[in-house]
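Student: Chain by chain, the residues run as shown.
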Amino acid sequence: DTEVTQTPKHLVMGMTNKKSLKCEQHMGHRAMYWYKQKAKKPPELMFVYSYEKLSINESVPSRFSPECPNSSLLNLHLHALQPEDSALYLCASSRGQFNTEAFFGQGTRLTVV
Amino acid sequence: QQQVKQSPQSLIVQKGGISIINCAYENTAFDYFPWYQQFPGKGPALLIAIRPDVSEKKEGRFTISFNKSAKQFSLHIMDSQPGDSATYFCAAGLSGSARQLTFGSGTQLTVLP
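Just so you know, the sequences run in chain order F and A. Each number in the numbering used here comes from the position in the first sequence (counting from 1) with 1468 added on. Each number in the numbering used here comes from the position in the second sequence (counting from 1) with 154 added on.
Accuracy of the hints is not assured; some may be wrong.
What the hints assert, rightly or not - List time: in silico PhoX-like cross-link candidates among lysine-lysine, alpha-carbon distance up to 20 Å:
hint, chain 1, residue 1, chain 2, residue 2
1, A, 222, A, 212
2, A, 222, A, 159
3, F, 1509, F, 1521
4, F, 1477, F, 1490
5, F, 1490, A, 222
6, A, 196, F, 1477
7, A, 222, F, 1508
8, A, 222, F, 1509
9, A, 211, A, 222
10, F, 1506, A, 196
11, F, 1508, A, 225
12, A, 222, A, 169
13, F, 1508, F, 1477
14, F, 1477, F, 1521
15, A, 212, F, 1509
16, F, 1506, A, 159
Unchecked claim - Taking beta-carbon pairs under 7 Å as the criterion, some of the chain F residues facing chain A (in silico):
hint, residue
17, 1507
18, 1510
19, 1555
20, 1558
21, 1566
22, 1574
Hints were generated in silico from the structure; no laboratory data involved. The C-beta atom is built at its ideal place from N, Cα and C for all residues, glycine as well.
Extracted from the complex, chain A is given alone in its bound form (with noise of 0.2 Å):
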């Protein structure tokens, strides 16, 4: 009821090109649909959020579309930079919970110049 499933492991994108990555969870009461992003060594930095009350955000070069039915959001981000390689995870939230997040597996995208 908890997890949350994310893929592909591994994405490798042309520079200029446009990066999917999916997840999809199976509790029905999460609210809050972060994702992260991971450089190195580095803690994981929040990039763009959505709650199910919408379908889309849309922040720079990065889109969350969201399918409340389907119980899958992913993240889209136009004209990938090989600055944007890192690590990304989704993540689903419990508004009431103290658990905070539960986390997809990471997918790790190499923009190639």
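Chain F on its own, in the form it takes in the complex (with noise of 0.2 Å):
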């Protein structure tokens, strides 16, 4: 099983909302990250959890609050989104950190409005 899922698929919210995009991995990898993507873009790096630990934040806006509360589980907590912050957001994970072999997550598309 080499898959990652996320929800929800498509999640739109308003600016003054509060919302979690979570993703969920059986695979026993130990690091999980958040990617975000605009259209016609490749993925950029958001967050690298490690061992359920914060390994990488990407200078991202506190307004994305990621959470990781088991070695299958990371969230990310949305509050006081812009518009510009509407795109597909991607979990992905990997056996480590330091491995660079990363499987993907169908991705939640965002609109925020």
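Put the two chains together into one complex; each comes in its own frame, and the hints tell you how they fit.
Tutor: Given below as structure tokens:
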């Protein structure tokens, strides 16, 4: 099973809303990632978690708050987003943070209105 | 140093033809070179990957050619099919780096029936 599952698939939220994106993997991977992808652009790394601890924050605004409750789950809490934050948010995982073979989820298409 | 340049930006091929996408990198420390295939609204899917100790890797209709001295690698899709129409991203990874992958800018491939 090489599946990374993300929910919801689509999300529309207002600028004052609070919402969360969820990601789950059962491959025993110990590194998980959040990426942001705008249309016709490559994915951009946002956060890296290794063994449930935040390893890298690529200077992401605080309105994005990641959380890793356990080794299989990764959340991204969203608050007071801007319309320019509308994008496809991708979760990925790998065996370890220094293992380069990454598997991506289907993504959550986020629209901020 | 970390950039990966991908060309062409878009490619149109007839069914049965060969699709070729090229990437060039600068950082000689990169040691993992994957290609991802992404359909609209979906997450990137790992297609094929190569490490610098080999010059070519073939999986079905997909072949990676790697030229270490030129710091270039390419994806060849033989007998291209309309179902191959997607965006292809090359990437370069550095074992030991938690930042995972540096992506190319993407190539939108259209295979005409």
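Student: Now tell me if each hint is right for this structure.
Tutor: These are the hints, each one checked on the structure:
Annotation: proposed proximity of residue 222 of chain A to residue 212 of chain A holds, straight-line Cα distance about 17 Å (limit 20 Å). Between residue 222 of chain A and residue 159 of chain A the alpha-carbon distance is near 15 Å, which keeps this suggested pair within the 20 Å criterion. Of the pairs offered as hints, the one joining residue 1509 of chain F and residue 1521 of chain F is violated, with about 28 Å between alpha carbons and a cut-off of 20 Å exceeded. Between residue 1477 of chain F and residue 1490 of chain F the CA atoms are separated by roughly 10 Å; this keeps the pair inside 20 Å, and the hint holds.
With a C-alpha separation of about 39 Å, the suggested pairing of residue 1490 of chain F with residue 222 of chain A is violated against the 20 Å cut-off. Distance check on the hinted pair: residue 196 of chain A and residue 1477 of chain F sit about 10 Å apart at the alpha-carbon level, within 20 Å; holds. Taking the CA atoms of residue 222 of chain A and residue 1508 of chain F, the gap is about 28 Å. The hint is violated against a cut of 20 Å. For the hint linking residue 222 of chain A to residue 1509 of chain F, the alpha-carbon distance of about 26 Å lies beyond 20 Å, and the restraint is violated.
This hinted pair checks out: residue 211 of chain A and residue 222 of chain A have alpha carbons roughly 14 Å apart, not beyond 20 Å. Taken as a hint, the residue 1506 of chain F and residue 196 of chain A pair is honoured in the structure, with Cα atoms around 12 Å apart against an allowance of 20 Å. The suggested pairing of residue 1508 of chain F with residue 225 of chain A is violated, with an alpha-carbon distance near 25 Å, which exceeds 20 Å. Restraint check for residue 222 of chain A and residue 169 of chain A: not satisfied, since their Cα atoms lie roughly 31 Å apart, outside the 20 Å limit.
Proposed proximity of residue 1508 of chain F and residue 1477 of chain F is supported: the alpha carbons are some 19 Å apart, at most 20 Å. Only pairs whose Cα atoms come within 20 Å are accepted, and residue 1477 of chain F paired with residue 1521 of chain F is rejected, the gap being roughly 26 Å. Restraint check: the Cα-Cα separation between residue 212 of chain A and residue 1509 of chain F comes to about 27 Å, which exceeds 20 Å; the hinted pair is violated. Using a Cα cut-off of 20 Å, the hinted pair residue 1506 of chain F and residue 159 of chain A holds, with the two alpha carbons roughly 18 Å apart.
Interface hint status for residue 1507 of chain F: violated, as the beta-carbon distance to the closest one in chain A is roughly 10 Å, over 7 Å. The beta carbon of residue 1510 of chain F is positioned within 7 Å of a beta carbon in chain A (closest approach about 4 Å), and the interface hint is therefore held. The beta carbon of residue 1555 of chain F comes no nearer than 12 Å to any beta carbon in chain A, farther than 7 Å, and the hint placing it at the interface is violated. Given hint, residue 1558 of chain F at the interface with chain A, holds; its Cβ is 5 Å from that chain's nearest Cβ, closer than 7 Å.
Hint status for residue 1566 of chain F: holds, given a least beta-carbon distance of 5 Å to chain A, under 7 Å. A hinted interface residue such as residue 1574 of chain F counts as satisfied when its beta carbon comes closer than 7 Å to some beta carbon of chain A; here the least separation is about 5 Å, so the hint holds.
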